[in-house]
Every structure is written in structure tokens, then in C-alpha cells.
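Chemist: Take the sequences, apply the hints, and build the full model.
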Amino acid sequence: MATGAGLGNLIPVAMTLVGVVSMLRARRNRKTGRVERDDDLDRRRASAAEMERRMASYLAGRDMGKADADPEPKAQENGR
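The opening residue of the sequence shown carries number 1 in our numbering; numbering runs sequentially from there.
In case anyone wonders, no lab produced these hints; they're calculated from the structure. It is possible that part of the hints are untrue.
Unchecked claim - Below, computed lysine to any residue pairings styled on SDA-like, alpha-carbon distance capped at 20 Å: (1) Lys31 with Val20; (2) Lys31 with Val21; (3) Lys31 with Glu50.
As the list claims (entries may be wrong) - Here are the simulated distance ranges between beta carbons: (4) Asn9 with Met64: 51 to 61 Å; (5) Arg28 with Gly61: 44 to 54 Å; (6) Ala49 with Met23: 26 to 36 Å; (7) Ala48 with Val20: 47 to 57 Å.
All values derive from a computational prediction rather than experimental measurement. Glycine included, C-beta positions come from ideal geometry on N, C-alpha and C.
Modeler: Spelled out as C-alpha cells, the structure:
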């Protein structure tokens, strides 16, 4: 049983070590200029910008509709 408890603490240490090694490799690659080019990055950025524009337009239209609406309805849906 003691061996199982000791191995449980090893997993977070191993994951931390993997993360540190990955960061060091990425830093080395950036310094040497060996950065991988992401071809889809521009397409994803354009798509995200278009989605933000559409959402802003939707929210502006929705908010304008609230200003014109009567805050107190005359009758409820069930006719009371």
C-alpha cells in the first residue's frame, strides 16, 4: 500500500516537468526563429472578427427594440 501512495504524488511532479520542458523548447524555438507558421490563423481571426461584428449588431438591435417597447404589458398572455 505504501508504494501506491508514493506513486500518487509522482503524477503531478511528472506533469509539471513536462510543462516546464515544453515551455523551454518553445522559448528556444522562438529565439532561433524556428516558429511553426499556422496557416489557418488568419482565417480563424477573420471568422472571430465577423462573429463579433454580427453579435454587436444583434445586441444593438435587441437593445433598440427594448427602448420602443412598453415596459408594462396591457394584458398577460392568458388574457387576464
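Chemist: Of all the hints given earlier, name the ones this structure violates by number, lowest first.
Modeler: Hints 3 and 7 are the ones this structure does not satisfy, whereas the remaining hints hold.
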